[in-house]
Amino acid sequence: SQQGEEDPQALSIQEGENATMNCSYKTSINNLQWYRQNSGRGLVHLILIRSNEREKHSGRLRVTLDTSKKSSSLLITASRAADTASYFCATDGNNNDMRFGAGTRLTVKP
Amino acid sequence: EAQVTQNPRYLITVTGKKLTVTCSQNMNHEYMSWYRQDPGLGLRQIYYSMNVEVTDKGDVPEGYKVSRKEKRNFPLILESPSPNQTSLYFCASSLFYLAEAFFGQGTRLTVV
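These protein sequence lines are chains C and V, in that order.
Using the working numbering, the first residue of the first sequence is number 1, and each one after it goes up by one.
Using the working numbering, the first residue of the second sequence is number 1001, and each one after it goes up by one.
Same shape as in the complex, but just chain C (with noise of 0.2 Å):
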């Protein structure tokens, strides 16, 4: 089963926007990560936060986390059309598993 789930599941907005994504997950965790895919290619890694973190950026991207809330934001400031992808969140789970979620595409119009 799925730890997290993204919402929304898609996405739409036009360059120079800010995008907000959020992530909502069930038990507890050690930290959240966020990937990014471009269309049907390998993951690849955006950021990290840990459970004992509430904020974190990089470049353009800023990540939040309310673990009383079980949930976690990433917001890409600025956006740019190369930016669209689709984004998911992941979280490790109770036996040394990972578990993703389905994911928010994003569509950035030029």
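Calculated from the structure, these hints are not laboratory results.
Any given hint might turn out to be false.
[To be verified] With a cut-off of at most 27 Å between alpha-carbon atoms, the simulated DSS-like pairs for lysine-lysine come out as follows:
(1) C:Lys26 / V:Lys1057
(2) V:Lys1065 / V:Lys1018
(3) V:Lys1057 / V:Lys1017
(4) V:Lys1057 / V:Lys1071
(5) C:Lys69 / C:Lys56
(6) C:Lys70 / V:Lys1057
Got chain C sorted already, so can you dock chain V onto it with the hints?
Okay, now just chain V, sitting in the frame of chain C:
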């Protein structure tokens, strides 16, 4: 160059014909895993390995086998493929269990 290499990239096979998808990493990573990706379902973990000779079932292990005899290799074996195993498969590795994962480019498998 640090990478995870999967082969083949594309494979069409017939029901029941045993096949192996290879995965190799050159980063001396301990943790390796296999995922399948299906539309609307995201990635689901098939098997994972914490280290050499240590493997365990993920979410959807039925119909698959793995082995980890060497640190760098983690092949996925389908003993008797069925059409419901048609999917996009990814191998991934990370330095340890909770670390950033590096993914291979994927293997698109079609079972007819």
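What are the numbers of the hints the structure violates, in ascending order? Of the numbered hints given earlier, the structure breaks none, since each of them holds.
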